[in-house]
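A.B. asks: Residue numbers (our numbering), protein chains in the order written: chain A, 1 to 107; chain B, 1 to 889.
Just so you know, these hints were derived from the structure itself, not from any lab.
Be aware that a few hints might be false.
In silico BS3-like links for lysine-lysine, alpha-carbon gap of 25 Å or less [said to hold, decoys possible]:
| no. | chain 1 | residue 1 | chain 2 | residue 2 |
| --- | --- | --- | --- | --- |
| 1 | B | 418 | B | 407 |
| 2 | A | 34 | B | 49 |
| 3 | B | 553 | B | 718 |
| 4 | A | 39 | B | 49 |
| 5 | B | 407 | B | 88 |
| 6 | A | 54 | B | 418 |
| 7 | B | 642 | B | 563 |
| 8 | B | 680 | B | 345 |
| 9 | B | 270 | B | 248 |
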Amino acid sequence: MGYHLGNLEEMILLVVAIMQDESYGISITDEYNKQSGSKISLSAVHTVLRRLEKKGFIESYMGGATQDRGGRRKRIYKITRYGYHTLQEVKQKREQMWQQVPKISFG
Amino acid sequence: MKKYHFRPVPPQWADRFLRWYCASDLLEEVQGDVHEMFFRRCEEDNVRKARLYFVIDVFRFFNYSTIRGKRQISFYKNTLDMYFNYLKIAFRNIKRNRLSSFINTFGIALGIACFVLIGLYVQDELIYDRFHKKADNIYRVSVENFDSDGTKIRHWVAASPGFVPLLVQDYAAIEAGTRVYLWDNPTLTNGERKIIEESFIYAEPDFLNIFTFPFIEGNPKTALNEPNSLVLTEAAADRYFTSDWREKGLIGKTLIYNNEISMKITGVMKNVPEQSHLQFEILATFSTIVDLYGGEESVQTTIGNFNFPSYVLLKEGTDIASLNAQMLDFGKRHIPDRNGREFSKIFQVKLEPLVDIHLNSNSTTEYSDNGQFQHVMIFGLSGIMILVIACINYMNLATARYTSRMKEVGIRKVIGAKRSQLIGQFLMESVLLTFIAFLLSALLIYLGLPEMNEFTGKKLGFHSIKAYELGLGILVLILLVGLISGSYPAFFLSRFIPIKILKQGTNKFKGSALFRSSLVVFQFTVSIILISSLGVVQDQLSFIRNKDLGFNKEQILRFYSNKKMREKWETVKNRIENIPGVTIVTGSSRIPTGNLADSQGAKFIDEDEERVIDFRLANVCVDPDFFTTYNIELLAGRFISKEFASDSLSSFILNEIAIRKMGFENVDEAIGKPLIYGGKRGNIVGVVKDFHFESLHTAIAPIIFYAESQRYSNTSVKLEVEKLGDVIDVLTRIYKEYEQDYPFGYTFINEEFDNRYRAEMRLGKLFKVFAGLAILIGCMGLLALASFTAERRIKEIGIRKILGANIISILTLLSKQFIILLLISFIVATPLTWYFMQNWLKDFAYHTHVNIVTLLSGGIIALIVSLITVSWSALKSAFSNPVETLKSE
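Produce the entire structure from the sequences given, and follow the hints as far as they go.
C.D. replies: In structure tokens, the structure reads:
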């Protein structure tokens, strides 16, 4: 495999894939918190997003300023084809592995 | 938004902090997100909480991925290629500007060479006596000698022999102490080898526990325990034993001391390091000298006899100030009164740190060849200043030539160079140049070191410095010099805004011209201070040479006479007087230009009332011919004379100041007054005019002269210089008859006199070199600067010439700005020099005043030299043909 995708990176990448539009720092953090049920800090999400972009899993453009942001633009992220395939690969690997797990009963 | 009437604001300082650290390409999104979170929290929660979380968020974002700076470099993959490009450009620039490159390299090389040589000297001076493990706790017992009115008149650096045992006994803080005796030159014999030892000292057992002298053989703890033991240094061992002594060992061998006592060798130590104020080659047990000195009783005396350098070791952590305060009553307890004088009142025992002896003692009674802290400071400062002047040359030339680099900077910036990269490039250029200069300076140091060693009388070098320390030192020096000289040019050149320079071509930078001007002013201020100070030092030296000392020092030869000669004084004197070429001969206990060390208690009888003389009256025993030999003027009464039989017993001659201090208005009144000096009763028969018996560093002291042939250890012979060779031949023969162990050695009084001012002469010579170098480097910089200015204004000059300007007006035009700068330096430098030199002159009790002409001459010399420099390059452009300069655009 020509990539390395950490656990948190994979989760955030999934969140970006789930969200159709307006996926920027805060909305991604909110979505992640909603989906996973745990809390993560905004700065941590930013760091992960930059790493994902550097690895080519997502791409970004500047857009959408609101008054709440003092007229500052947001960086909007979208999953790339490569990112999507990578996610699928990871999923397949997992499923392959699940199939090999025997039925265990915990009596 | 609805909840509030006003719009809440996040904490501004945190926002500013975020703007400060955050990389500019990330700032917008990060700041936007943080602000959005803030407003959301304001609505969901309250403002206070939102503000708190805003701060927390800002700090959470402060991490490696967001901070500015690092990503700019890490993004470029062609960094290495860029460095090669920098190097290439640097070499091209060096080649293209031959004159300024040469001046920079040579100036910095000279600066570094000077700095390193002086650094070696200063370092050597500063580490004196620090090689002892307990150096910080070792103190020397010194005695301050006060006059009756409380003024300090002498500082004796050796103590009475009785002090050390009493000090150790009285004060718990003193762990150990040792007396040392230096003034003996015994003969040692091993079979055939019989040598008079010139560097022989006696010390008590604790000497080797207090000081750290590494032993080759034997145990330092016990080496001096047994009476009549000897410790040799390697140098001494080589003198008495064949070279295989190292293998065979010397412990237990014996040497015969003064032809009678057999002394056992108990240790061999390494040679005493040069950086020790106490120098010796052989160490003997103190008890050996006790018998010679007159027995146990005589080494317990606590009055006078300041012949025993004494050292004590204090317990770790002792407060020296409070210990010295406790010693204030030491005298009261132990120094008895004698002849009606309260010695405890005039002698004060004081401990002085061992490590201060070499540079800070400055006592005239010092037994070692000491340095002066002030001089070391002057040397060190001058070394740094010369290096700084060289660095300034670089700064000046690099910034002055900014126009030639402006386009390059503009293009680099347009292509995408960051300012930090440009700064790096220019710093690299200066470090590279410094490196080349360093190679040249290594050669200069190699050539200059022998000169420096001859000049300072030291063995300076790099042999004692470890290789890695040397390497590290060189690296730090190159980087420091390179970065300092490159700092301003780099900062200045990288500041250009590309659009301005590329669009408008050249534009003026007023600020840099001002900065350059102040640098030039600084350079010339330093140069002028050095030149003027040199003038003052020379003034003082010639003042010393030409001052009327009150006695004649020319054509007088002096040698030591031993006991045998003193016993037959009249015969010896007669024989010498009969040598053809000898004018007159005299004997004395001390000679002018020397020190006055002996004194005894005195009383004089005024109208039947006995009065104690309460000031220090130093004595000199002289032969009647002393005053004629040295041409000393008589003020009243008569000289001691052979014709008065009583004179050899009871006649005193005093100098004028002594008479005045005794309270006489008129010197004639003192004649015939009875006086008791050290138990000797007599009358004052004459008064001589005050003369400088001691050096001009000290004020003239009261002196009493009387005849006592037993103490004429110096024989002074006045002779005709043409017959010097013959006289010395005969003198040597006569001397041999009385003294078989020592060779005949003599000195001339005027040489002795010059020796007293060696430190000042050295300072004068050094100033000459420094002032010369400073003005040389400064002028080289000025030359380059002036020719650069002239070059830039070549078209202007061409047009002026066409319009009818003559050479003089063009010369004025080009030199005006430099003359103004020089005048400013002159105004700054003169009062500074006056202040420094006034302080320096205070060291002399008799000194010249800072002469206004001398003070001005420094500035005038600097002015003339730099005018010549500036005109040289200005003339070149003034004579240039306008057709040549204007034909191409």
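A.B. asks: Each of the hints needs a verdict: does it hold here or not?
C.D. replies: Right, here's what the structure says about each hint:
1. Taken as a hint, the residue 418 of chain B and residue 407 of chain B pair is honoured in the structure, with Cα atoms around 15 Å apart against an allowance of 25 Å.
2. Of the supplied pair hints, the one linking residue 34 of chain A and residue 49 of chain B holds, its CA atoms being roughly 22 Å apart against a limit of 25 Å.
3. Taking the CA atoms of residue 553 of chain B and residue 718 of chain B, the gap is about 10 Å. The hint holds against a cut of 25 Å.
4. Taking the CA atoms of residue 39 of chain A and residue 49 of chain B, the gap is near 18 Å; set against the 25 Å cutoff, the hint holds.
5. With a CA separation close to 17 Å, the supplied pair residue 407 of chain B and residue 88 of chain B stays within the 25 Å bound.
6. Annotation: proposed proximity of residue 54 of chain A to residue 418 of chain B holds, straight-line Cα distance about 23 Å (limit 25 Å).
7. Between residue 642 of chain B and residue 563 of chain B the alpha-carbon distance is near 22 Å, which keeps this suggested pair within the 25 Å criterion.
8. Using a Cα cut-off of 25 Å, the hinted pair residue 680 of chain B and residue 345 of chain B holds, with the two alpha carbons roughly 23 Å apart.
9. Distance hint between residue 270 of chain B and residue 248 of chain B is fulfilled; the C-alpha atoms sit about 17 Å from each other, no more than 25 Å.
Going down the numbered hints, you'll see the structure goes against none, and every one checks out.
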